[in-house]
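2 protein chains.
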Amino acid sequence: MKKKVIVTIGRQFGSGGHEIGEKLANALAIPFYDKAIIQMTAKQSGIHEELCELSEETATNSLLYSLSTGATLWGQRGYTENDLPLTDRIFIAQADVIRQLANQGSCVIVGRCADDILRENPDCIRVFIHASMPFRMNRIEEVRGLSEDKAIREIRKKDKKRASYYQYYTDKKWGYSENYTISLDSGEIGIDNAVEILKKMYELRADLAGV
Amino acid sequence: MKKKVIVTIGRQFGSGGHEIGEKLANALAIPFYDKAIIQMTAKQSGIHEELCELSEETATNSLLYSLSTGATLWGQRGYTENDLPLTDRIFIAQADVIRQLANQGSCVIVGRCADDILRENPDCIRVFIHASMPFRMNRIEEVRGLSEDKAIREIRKKDKKRASYYQYYTDKKWGYSENYTISLDSGEIGIDNAVEILKKMYELRADLAGV
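In order, the protein sequences belong to chains A and B.
At position 164 of the first sequence (counting the first as 1) the number is 164 in our numbering, and the numbers step up by one without a gap.
At position 178 of the second sequence (counting the first as 1) the number is 178 in our numbering, and the numbers step up by one without a gap.
With the rest of the complex left out, here is chain A (with noise of 0.2 Å):
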């Protein structure tokens, strides 16, 4: 019998870590929640979509942030879960979708610190996917059509982001090799091979017995 796995990916902007994610879930025939848990979290915690949406990615600086902070500091209650910061609200609920999920079955989860909210959990394979700046700036060129200098500086302002909210959340550095089970250059890899990789890994995971 297969064993339970799960494979979470988080990846620098522009490095085709969705598109792996994407592609390796339907080599295995496993589901794929990438967007889909920002409506789940957005469902369960009552939350407007929109605002869970906003807060990916956002942590301590964001304007949202200062508003929820405000409203916790001006609400004179007593302290419970409901005055934390709007986005740590968002994230707490975030991570029990996450759990949910992994839970239920095998899957690939992009995003969200999942990583590190599993990191209890031994079915879980952490995925970090990277490129270089080229490979980067050709991608999101392509698919969006931004000009070379727009490419470069959405590129460092959205792995910034995604930085500081790793950071924030899970006190690790984002990126450092010592926080996944394997990262991959995907650049120079190719994105179908990189696939390729990851589903050797799933299945040397998937046919160990117990372990």
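A couple of the hints might just be wrong.
As the list claims (entries may be wrong) - Partial list, derived from the structure: chain A residues whose beta carbon lies under 8 Å from chain B: (1) Asp96; (2) Gln100; (3) Phe128; (4) Ser177; (5) Glu178; (6) Ile182; (7) Leu184.
Just so you know, the hints here were simulated from the structure itself, not pulled from any lab data.
For every residue, glycine included, the Cβ atom is placed at its ideal position computed from N, Cα and C.
Given the structure of chain A, go ahead and fit chain B onto it with the hints provided.
Leaving out everything else, chain B in the frame of chain A:
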């Protein structure tokens, strides 16, 4: 026809990087270079083998460095390669050896900043092997019969030396995933599975015609 592929392996102390490299080279029937590079460097440079061995992972803080820097300052001669600190001269000689080995054909090279020395080489797969402290403690205890306390201290000391040697010569952060084609947690994956995954990666690369 198979393409030439050079596999460089950086590794945390006790992570099994040496063993993984050796098993990979055996499985692929290609040469494996670790300590042998020291002998080749000594032979080629005329610097004593023991000094070459000492210089490894020494970088800038050692007595060896002070002595050799002192010799340079006191020399009051024109500045040639011979006036460089001995550790730097050994590094340069070692880099030459590594480039020669990479030219000769497919091989596995462990340590010695080979990933960075061969950074312009398109045939290169740069690997980093890491593992949790308990896994590494266990390996080192097994191999060397150290107490738990000593094992932890030894691991931290060795990692620190490797990190500062790497940073000094490459100006990059040791163990940061961006510097490597693939990083693997040998504790989580297991030594033999790590070999399997690298073998898969090697074959994917070797089969690419002219890429």
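Verification of the supplied hints:
no.	hint	verdict
1	Asp96	violated, 25 Å
2	Gln100	violated, 24 Å
3	Phe128	holds, 6 Å
4	Ser177	holds, 4 Å
5	Glu178	holds, 5 Å
6	Ile182	holds, 6 Å
7	Leu184	holds, 6 Å
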